[in-house]
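Here the protein sequences come in this chain order: A and B.
Note that this note's numbering gives residue 49 to position 49 of the first sequence, counting from 1, and the numbers run on in steps of one.
Add 310 to the 1-based position in the second sequence for this note's numbering, that's all there is to it.
It should be emphasised that the hints constitute simulated quantities derived from the structure, not laboratory data.
Ideal Cβ placement from N, Cα and C applies to all residues, glycine included.
All the given hints hold, so there is nothing to weed out.
Taking beta-carbon pairs under 8 angstroms as the criterion, some of the chain B residues facing chain A (in silico):
#	residue
1	D650
2	H652
3	Q653
4	L656
5	M657
6	T661
7	K708
8	V709
9	I712
10	L713
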Amino acid sequence: MFCIIAFIVLSIIAIFNVSYRALAKEAYECVFRRITFRPCNTGFKEKMQAKLVGKLLTKSVVAARFLNKHFELLAWLLFLTTVASIFWTGKGLFNFYMYGSCNGLNKSGFCALDPKGENNKVSQTGGSCGTGEGDESKVTLTNVSLDLFPSIKTDSKDEVVLIGCYSCDYTRKAYPLIKQLISENNVNYTFAHYPVKEETLYLLPIGYCAYKQNPDKFWQLNDRLFASEKNDIAKKEFVDTLLKDIGYDVEAINTCSTSSETNSAVVERRIQLEKTNIYGTPLVFINGKGLVGPKPYRVYERILKGWRFW
Amino acid sequence: MKQNIVDVVKVRQDFPFLGKEGVYFDNACQSLRPQFVIDAMNEYYNEYPACGGRSMHHLATKVTHKCDEARDAVANFLHAKRKEEIVFTRNTTEGINLVAHSLGLKEGDIVITSDKEHNSNLIPWQVLKEKLGIEHKIIFSKEDNTFDLETYQQALNNNVKLVSLGLTSNLDGVTIPAKEIIQLAHKAGALVLLDGAQAVPHHEIDVQDLDVDFLAFSGHKMLGPSGIGVLYGKYALLEKLEPFMVGGDTVSSSTYLTHEFLPPPEKFEAGLQDYAGIIGLGAAVKYLSEIGFDFIEQQEQLLNKYITDALHTIKGVTVIGPEDPTQRGGIASFYIPQKDHHQIALMLDETSKIMVRSGQHCVHSWFHAHNIPGSVRASVYFYNTLEEAEIFVRELKKVVSIL
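Given these sequences and hints, build the entire structure.
Quick look at the structure:
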C-alpha cells in the first residue's frame, strides 16, 4: 500500500523537484508490479521506511518507534485519505464545470476555483448582496403562471426564465449571458422583474404597462435598463427619456402605471414570483432547473443542451 | 581506550573525503583514496595522457616507464621474485577467472574451495563443473567459521589440481592459515590460488614466504582506483598458462594464420590498459608501504574490539565469525533475528550518515546454507577513529531500540 501512496505523493513532488523523479520511478515500478499481480520485491518500501523512520529518529525516538511499528497502518490511512481527497477533488472539479460551484448546483460553500463565491452570489430580497440565506434546493417553477410575464415564444420545447432585478449587480452580470443563450439557441424566453431594492420598485408597473403597450419594444427597454447606470434608472425622468427614445407613448404608460388594474396585476405577478421560493436575484430557470446566482455561460449552455453539449 | 591519535589524525589529512561527512565503515567494499593516489592519476591525465608499450614518442615512453614503476612497486609490495610475475587485471574476479580458464583443467580434476567464498571464487568453478566436468569440493568451516584444516587435509588427493581460497573472508574477516594450507596442497601436488581482495589491503603478504602459486586482488580496496587489479603468479606457472583473453599487445607478431605470444605478463594483458589505474595502484602500494601494516593492523584491531564489545551488549545481536575480534581483522558482521539488516543500514545512514554494507555481501551461498537473510557489515580501515566507532555504536543502539 505504501508504494501506491508514495507514487502519488512523489509524482506530485517530482513535477516541481527533479531530484525526486528517480524515487517516483522506483515507486511506479513497485506499483506496476503490484497491479500486474506480482510481489513488489524492489525493496522500495523498506528503503523508504528506513529513510523516513531514520529521519524521524534524529528528532524523536518515541515518534520514530511509533512510525516504524505502525508504518503499514499509517500508509493505509494515508492511502484512504488520498483516495477520498482525490474523489472529492474530482467531484469538486466536476461540479465546478457543470454548475459553476465545487459543491454542486446552487451550493454556496467554499470553492477553491471560485474563492469569492461569485457564481453563487445574489442580491438578496432585503436589498443586500451575499450568498443568500434561502434554501437553494426549494426554488421551483411549479404552480407559477409564467404566461403573466413578458416572453418570447418559439416552436421550441426549451424554456429559459430569468427572474432578475434591474439595479442588482449579479442580475446585471447574468443578463448578457442569458441574452447570448437565447440568441444562440431556439428557446422560449420569459423575463420577470423582481426588484430587491426599493428604488426600482416603480419600474414594476412601468414594465407591465410598457409590455402591454408594445411587447416588441419591451425587449429594447429591458436591454436599455440593464445597460444604464444603476443611479440613472432609479430616476423616473431618466426612464421616461428611455421610453420616449424607444418610441413609447410615455404619457399613456404613466397613466397606465398608476391605475388600480395595473396595481392588481403587479401584485398578482409578485405573488406568482414568490411561489418560486426566490430569496435573491438572479434566479434563472432552464427547462425547470433553477440556478441561483450568475453562473458561467458554459453552465447555462450545458443545462440547456444536456448531453448534446458534448 | 588509547589509540594512535597523532598518527590517525595525521593520516586522515591525506584523505580528502574524510571530514566531509559521516562515518565511512564500508572499507571491505571499497576503501577511500588518499590525495597522493588521486594526484598520481591526475598527473597521468594532465601531464602524459598517452598509450604505454606501443608508441615511441616521449609521452608514450613516460607512460611505459610509469607503468613499469608501478609493476615494480607492486612486486616489491608482495615480495615477488620479479616484476613479470605481476599481471594487471581489472579486479580480483578477473584474476581468478584468468587462472580458472587458463590452467587447462579437465574432466575429473578437483578444485577445492571453502564454504565462505565470495561469488568471484565460487561461480567460475561452478561454470567449469558444468562446462568441463571438473569436480568442485567445498571445505566447510568449523563452528566458529574458522578454516577446518583437518577436513581440508583429508580432502587432498592426487586429483586435486587447484586449491582456491579466500585468504581473508569478506563475510567475517577471518584469515585462513595460508602457509599450512599451501604446504599441504603442494605436498599433494596441487596448486594454490588465493583470493587476496580482503587480505592484501590489511596484512603484509610475502608471496615467496607463503610459496603461493597465484594471488589475485583488487586496487579499490587498498586505496587504489577502481577498475584495476592484480594477479600474481609464479613466473614458471604464468609461462605455462594459456592466455584467457587475447588480442592487441599480447603478441610479438602475427601472420594471417599464426601468432607469437609475448612472455608474461604481457600475454595476459590484452588491449589498451588502464594506465591511470595502474599508476594509481602503484601510488597506493607506495602509500600503504609507508603507513606500514603494523599500524594498520593495530588500528583495525583496536576499533574492531571496541565495536565487537559494544555489539555484545545489544540484545539479540549475533556476530558472524569468531568471538575474538583479533581473528576478524577490520570486519564486524552481525545480524539480529527478525530485524531487517537493510533497514538497520539505511537508518544508520539516515540518522548520522554512517555507511555500512548490508545484505549477503556476495556470499549468498553461505547465508542460504545457514538460513540467515543477511547481515550488517561494518568494516574499518586504518584511517577510521575510535570516535567514529563510538558514533556507530551509539546510533546502532538507538536504531535497534526502535525496531
